[in-house]
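Build the full structure now, drawing on both the sequences and the hints.
Protein sequences, first through last, are from chains A and B.
Residues 1 to 101 in this note's numbering are what the first sequence spells out, letter by letter.
Residues 1 to 550 in this note's numbering are what the second sequence spells out, letter by letter.
FYI, nobody ran anything at the bench for these hints, they're computed from the structure.
Some hints here could point you the wrong way.
[Unchecked claim] Calculated lysine-lysine pairs in the DSSO-like style (CA-CA distance at most 30 Å, straight line):
#	chain 1	residue 1	chain 2	residue 2
1	B	Lys497	B	Lys18
2	B	Lys287	A	Lys71
3	B	Lys197	A	Lys71
4	B	Lys18	B	Lys493
5	B	Lys345	B	Lys197
6	B	Lys16	B	Lys493
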Amino acid sequence: MSEHNTNDHKNHDHGYGHYILIWFALLILTGLTVAVAGIDFGNLTIITALAIASLKSFLVLKVFMHLEVEKRVFTVFVYTSLFFLTVSLILLFSDYSFLQG
Amino acid sequence: MSSSTNDVNVSYLDYKGKHSGLLGWILSVDHKRIGILYLISMMVFFTVGVTFGFLMRLELIAPGRTIVDPQTYNSFFTLHGIIMIFLFIIPGLPAVFGNFFLPIMIGAADVAFPRLNLLSWWLFIIGGLLAIISVFLPGGAPDTGWTFYIPYSVRTTTNVIPALIAAFILGFSSILTGLNFVVTVHRLRAPGMTFFKMPLFIWSLYSTAWIQVLATPIIGITLLLVVAERTLSVGIFDPALGGDPVLFQHLFWIYSHPAVYIMILPAMGVVSEIIPVFSQRTIFGYKFIAFSSLAIAFLGSLVWAHHMFTAGMSGVAMIVFSVLTFLVSIPSAIKVFNWVSTLYKGSILTDPPLLFALGFIFLFSIGGFTGLIQGALSVNLHIHDTSFIVAHFHYVMFGGTGFGIFAAMHYWWPKMFGRMYNKVVAKTGFWVLFVGFNLLYFPMFVMGWLGMPRRYYDYLPEFQIYHMLSTVGSWILITGLLIMFINLFNALKNGKKVTEENIWNGETLEWSTPTPPFLFNFKEAPTVESGPYEYKRNEVSETEVKEEKV
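Following this line, the structure appears as C-alpha cells:
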C-alpha cells in the first residue's frame with residue numbers, strides 16, 4: 001500500500017486477497033455486533049455499538065471506497081463530515097445521559 | 001471555457017440547442033436556465049404560500065370564527081410553513097441566484113455536474129407538487145405544522161405521509177445542489193482565483209452547501225422514520241409504543257436549525273456583494289466576513305436544542321445549548337459591523353438593491369437580537385410557543401432572507417434579463433413593503449410577550465388590537481409585494497434594454513460578462529489577478545485629502 005501514488009488513482013489495485021481480508025474483517029465485526037447486542041453495558045451500550053459500526057465504516061471508506069489512495073482533499077471532506085456527525089451525536093447523547101443520571 | 005464557435009456566443013436566453021421552446025428550458029443543463037426555472041417555480045410556490053398566510057391573518061382579524069373553521073386554519077398554517085420554508089426560502093438564494101451566478105462569479109462555464117443540477121430541479125418540482133397535491137387528496141390537508149411533531153403527526157388522519165415524502169424529496173434536491181456547489185467551488189475556479197479572492201457571496205454559498213450536504217440527510221432519515229412509525233408502528237418516536245418523542249425533536253432540529261442558516265447565509269452573501277458596490281468602497285474586513293460564514297455554518301449546526309428548552313431536556317444540555325446559541329450571534333454581529341463600516345465614508349448610492357440590503361440589516365438585527373432574548377433559558381420558558389417566536393422567526397427569515405432575495409432580484413435582474421426595471425416604482429415598493437412588514441410582525445412581539453400563544457385559532461379580546469394591526473399590516477405588505485413583482489416582471493417586456501456589461505460599477509466577474517450572459521458565460525476564459533472589491537481607485541484617503549487642502 002505504501003507504494004501507492006496519492007495524486008492519482010491509477011495504482012490502487014490491491015488484488016483480491018486484500019479485499020477478501022477486509023470482507024472477513026467486516027463479517028467478524030458484524031458477528032461481534034450481534035454478540036454484544038445481548039449484553040447490557042448500561043450507558044456504554046450505545047457507545048459500543050457505534051464504535052463497532054464506526055470501525056466497519058472506516059474500513060469500507062478506506063479500502064472499498066479507495067479513500068486511502070485518493071487525494072488529500074477527499075480525506076479532509078470525509079473527516080470533516082465525520083467530525084460534524086460525532087459532535088452532533090455527543091451533544092445528543094449527553095442530553096440522554098444526564099437525563100438518566 | 002469559452003467557445004470560439006459563433007453558435008454559443010449568444011445570450012443564454014436566445015441560444016437554440018437540441019430542444020426548443022418549453023423543452024429547451026425544462027431539459028436544459030445550462031446553470032443559468034436552471035436558475036431561471038427555479039425562479040419561476042419558486043415564485044409560483046411563494047404566491048401560494050403568501051395566499052395561505054393572507055387567509056390565516058384574515059381569520060385572526062377578530063376572535064372566534066371569521067372565515068374558516070379551526071381544522072382549515074390548522075391546514076393553512078401548516079401549508080404556509082411547509083411551502084414557504086421548503087419551497088421558497090431554502091431554495092430561494094442558492095438554487096436561483098447561486099445556480100445563476102456561482103459559476104459566473106468564479107469564472108466557470110457551468111457547475112461541476114450540470115445534469116445533476118437539472119435533476120435537482122426536477123426533484124424540487126416533484127416534491128413541490130406532492131406537497132400541493134397532499135392538500136387535495138382524500139384525508140384532508142396536513143395539519144401538523146411544518147415541524148411534524150410527534151405524537152400528533154402519528155395520530156392525525158390527514159395526509160401527513162405525502163407531505164413527509166414531499167419534504168424528503170425536496171431534501172434530496174437540496175443535497176444535490178449543495179454537493180454540486182462544493183465541488184464547483186473546489187474544482188472550477190478560474191486561474192488566479194484563490195479562496196481569498198472569491199466574492200463573499202460564493203463564501204456564503206460554499207458554507208451553505210456544506211450544511212446542505214451534512215445536515216439534510218438527518219432530516220431525510222427522520223421523516224422516513226415518521227412514515228415508518230405511521231405505517232408500521234415501529235415504536236421509535238411514539239410514546240404509546242415505547243418510543244421517544246423528544247428524540248424526534250432532537251433529530252428534526254439537528255437539520256432544521258442549520259436549515260435556518262441555509263436560508264440566511266446566502267442572503268448575508270448578497271448583502272456583502274451589494275454594500276461595497278453601492279458605497280463604492282472595498283469591503284471592510286473581507287476575511288472576517290468570509291470566516292464568519294464558516295463559523296455560522298459550524299456553530300449554527302450545534303445549537304438545535306434551543307428549540308426544545310421546554311420539551312424535557314436535561315439541565316446540563318440546556319445550559320450547553322444556551323451558551324452555544326449566544327456564541328453563534330458573534331459571527332453574525334461581525335458581519336453587521338463590517339457592512340456598516342463599509343458604508344462609513346462611502347459614496348452611497350441609494351438605488352433599490354441597497355435599500356433592500358439596508359432593509360435586511362435593520363430587520364435582521366431586530367430578528368437577531370430577539371433571538372438572543374430567547375437564548376436565555378429563563379426568558380425562553382416565558383415566551384416559548386408564543387407569537388413572540390413567530391415575530392422573531394419572520395424578522396429573521398422574511399425580513400432577513402426575504403429581503404435578501406428581493407435585494408438580489410433588484411441587483412442582478414438587469415444582468416439576468418438585459419432589462420432595467422423602473423427604479424422609482426422599485427423604491428416605492430420597498431417602502432410600502434417595509435412599512436407593511438413592520439406593522440404585520442411587530443405587534444406579534446408585543447402580544448407574544450403578553451402571552452398570546454402561537455398557532456391558536458381563537459384568542460382573548462385583549463389581544464384583538466394587535467391582531468387587527470397585524471392583519472392590516474399583511475394587506476400593506478401584499479400591496480408592496482405586488483408593486484415590486486409587477487415592476488420587475490413588467491421590466492422583462494417593457495423595461496429599458498440594458499446592453500452594457502457593468503451597470504452598477506461592480507468589481508466581481510459577473511459584471512465582465514455580456515448582458516445577458518452568453519451560453520458559456522464569458523467571451524474568453526477570465527484570469528483573476530485582484531480581489532473582488534478593489535475600489536481603492538475610487539477612494540480618497542484622508543492623507544490625500546489633507547494634501548489637496550494644503
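Are the Cα atoms of lysine 287 of chain B and lysine 71 of chain A separated by 30 Å or less? holds (27 Å)
Are the Cα atoms of lysine 197 of chain B and lysine 71 of chain A separated by 30 Å or less? holds (24 Å)
Holds or violated: are the alpha carbons of lysine 497 of chain B and lysine 18 of chain B at most 30 Å from each other? holds (28 Å)
Is lysine 18 of chain B close enough to lysine 493 of chain B, meaning Cα to Cα at most 30 Å? Given that 30 Å is the threshold and the Cα spacing comes to 26 Å, the pair holds.
Hey, lysine 345 of chain B versus lysine 197 of chain B, does the alpha-carbon distance stay inside 30 Å? Within the cut-off at roughly 24 Å; holds.
Given the hint that lysine 16 of chain B pairs with lysine 493 of chain B, test it: the Cα-Cα distance must not exceed 30 Å. holds (21 Å)
In this structure, every one of the numbered hints holds.
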